[in-house]
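Student: Spelled out, the chains give:
There are 2 protein chains.
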Amino acid sequence: MPLKHFAAALLFGVCGLSIAGAHAATDPLPSWNDSTAKTSVMAFVEKVTQEGSPDFIPVAQRIATFDNDGTLWSEQPVYFQGIFAIDQISAMAKDHPEWKTQEPFKSALSGDIAGIMASGMEGLAKIIAASHANMTAEEFSSAVSNWLATAKHPTSGKTFDKMVFQPMLELLDYLRANDFKTYIVSGGGIDFMRVFAERVYGIPPEQVIGSTIDAQYELRDGVPVILKTPKLVLIDDKAGKPVGIYRHIGRRPVFAAGNSDGDLQMLQYTTIPRSADDKTPRFGLIVHHTDGKREWAYDRKSHIGQLNEALDEARQRGWMIVDMQKDWRQVYPEHAANN
Amino acid sequence: MPLKHFAAALLFGVCGLSIAGAHAATDPLPSWNDSTAKTSVMAFVEKVTQEGSPDFIPVAQRIATFDNDGTLWSEQPVYFQGIFAIDQISAMAKDHPEWKTQEPFKSALSGDIAGIMASGMEGLAKIIAASHANMTAEEFSSAVSNWLATAKHPTSGKTFDKMVFQPMLELLDYLRANDFKTYIVSGGGIDFMRVFAERVYGIPPEQVIGSTIDAQYELRDGVPVILKTPKLVLIDDKAGKPVGIYRHIGRRPVFAAGNSDGDLQMLQYTTIPRSADDKTPRFGLIVHHTDGKREWAYDRKSHIGQLNEALDEARQRGWMIVDMQKDWRQVYPEHAANN
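Residue numbers (this note's numbering), protein chains in the order written: chain A, 254 to 592; chain B, 254 to 592.
Just chain A, same shape as in the assembly (with noise of 0.2 angstroms):
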């Protein structure tokens, strides 16, 4: 590069750098339009931070879970990690001949979701004991690398990793910068999420938490391994999400945000006062989809991320609905305001 070129990039770098900052300081949620939902997010963040403040939350409390699909990526057509494993499941096709014949893998090998589907939880246990396990811990974690890397979702075309919430992304950056400690709470895999969660959303694998098969130690040559084993031993979801919360934090969350059924009792355990004199201000939060164009618009009949019980919850309990299209100025992080 020439010297004055260079100059100019620096120059150019050491500029954006700047107005960045003095963006963030003013506005940590640019991507949110500037309506009821950021306000409520923002006025809460503030009270419970101040010292002194009868509404202060000591910081060792200031525990955030985050539901994953839906709420911190898209999820449509189908959930990201079930593509992933029709995918796995494809490319080690050329091993298993009987595949083509049996079920699910037949309908895994044509993309036929529904066919999957009908085979019930015996089928989706075939599917993960094939795709997700019977291989160490480092082998299923550099194929969700090498996956994230190349596969690009069926209709956007983008890689997988790509479509996260930029709104969402800053609502993490904000919580954490008012000391909270962000949690994912999904139903998806604790070992796929774990792959990327710490690079995409800035949360280190200890605080990410979903659906766990069991594992086994051994020695091999010498080497220890650990050996990922088909048996499910957490089924994050519903009324599994506030156990999975117990199990791994301990504490019970004061802010969670979900988009489905699925995170209906992790809100409840957040949210609802444990008695009359229980009065720390807690926050829940649920990401409507509702932006065909720009993503995806469902809710009630979707077969992915159904949100019926958990919206008529929400307004009785006064939880924040985000309307996706009206509150989010931006969905993806391409061409975002602080990029």
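Just so you know, the hints here were simulated from the structure itself, not pulled from any lab data. Built from N, CA and C at the ideal position, the CB exists for glycine as well. Please note: incorrect hints may appear among the correct ones.
Here are the computed distance ranges between Cβ atoms for each label pair [what the hints assert, rightly or not]:
{"#": "1", "chain 1": "B", "residue 1": "S395", "chain 2": "A", "residue 2": "K532", "range": "12 to 22 angstroms"}
{"#": "2", "chain 1": "A", "residue 1": "N286", "chain 2": "B", "residue 2": "L472", "range": "33 to 43 angstroms"}
{"#": "3", "chain 1": "A", "residue 1": "T482", "chain 2": "B", "residue 2": "A296", "range": "37 to 47 angstroms"}
{"#": "4", "chain 1": "A", "residue 1": "P534", "chain 2": "B", "residue 2": "S395", "range": "23 to 33 angstroms"}
{"#": "5", "chain 1": "B", "residue 1": "G305", "chain 2": "A", "residue 2": "G455", "range": "53 to 63 angstroms"}
{"#": "6", "chain 1": "B", "residue 1": "I525", "chain 2": "A", "residue 2": "R547", "range": "23 to 33 angstroms"}
{"#": "7", "chain 1": "B", "residue 1": "P534", "chain 2": "A", "residue 2": "P526", "range": "47 to 57 angstroms"}
{"#": "8", "chain 1": "B", "residue 1": "P534", "chain 2": "A", "residue 2": "E392", "range": "19 to 29 angstroms"}
Based on these hints, arrange chain B on the given structure of chain A.
Tutor: Showing chain B alone in chain A's frame:
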């Protein structure tokens, strides 16, 4: 308080503080003698925290895991949680007249550990179900708190949380001051340890890993409740420790401390290089109970905290064996140099 006494107290207080402060600045491990154990731990921490050094370990990777029973506190004549279980059963016995004649309760009620052990895993499961399950998380936590506040160790007469090892408290503090994240990884019950780990060890609930029984979420009269159920989901001992680490942390530690064969696999998992290219410095530590006068002396033939295989392997793999009698100036916190 008369003014001159107040002034004297203030003066002594300030002097005490400043002496302690000065001492801490020069010696983070004042209850350790200046022997190899201390100097090698400090040399490890210094080299891995020095930026630019080939041994530098980034902060996110500084995971340190500690066994609890026999490593952070005493475990003789029987695991303290076992004493808690027996005390709980004794307190509940008035509502269970049948226990007087039924094993393992009969043995538990007469404090006959050998009798309980003779009832095997099935008997132990009954003890756990009666003393640790079929109650809410809050009820269990209160029971442990109340017990810790009042119960006394059968020979020392101390409350159990006074039988923690002052040198290990200093080591935890020292590692945290160097940006290590400290975890407990114990065969003991996760929910039992979480009650006191933050107050006593400075380790928050989300960094406590232990043997785990299942739980259920429910709304009880409209209030969210976690109900502890008796099914075991993790025995966090021996080969279960690397599994617990993988499940809860999702990263391999670089520092592990234990005291028995139950810690062997955690020490292997932490310290054995994954490949010829794996040059990350790692530290294994074993507390060897050699001090029959100030604590207890036991190893290869003990019925509690047996240290046999791991003692041989420690020599082969270069794990630091801490000789409690020679390496520790002080065992328990009372009258500690910096108290």
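Student: Evaluate each hint against the coordinates.
Tutor: A quick look at each hint next to the structure:
Between B:S395 and A:K532 the CB atoms are about 20 angstroms apart, so this pair conforms to the stated range of 12 to 22 angstroms. At about 35 angstroms, the CB distance of A:N286 to B:L472 agrees with the hint of 33 to 43 angstroms. One distance hint, 37 to 47 angstroms for the beta-carbon pair A:T482 and B:A296, holds here, with the actual separation near 39 angstroms. Checking the proposed 23 to 33 angstroms range against A:P534 and B:S395 shows it holds: the Cβ atoms sit about 24 angstroms from each other.
A hinted range of 53 to 63 angstroms for the beta carbons of B:G305 and A:G455 is inconsistent with their spacing of about 25 angstroms. For the pair B:I525 and A:R547, the supplied restraint of 23 to 33 angstroms is violated, since their beta-carbon distance comes to about 50 angstroms. A C-beta distance of roughly 49 angstroms is found between B:P534 and A:P526, which places it inside the suggested range of 47 to 57 angstroms. Hint check: B:P534 to A:E392, Cβ distance near 26 angstroms, so the stated range 19 to 29 angstroms holds.
Violation of the numbered hints given earlier is confined to hints 5 and 6; the remaining hints are satisfied by the structure.
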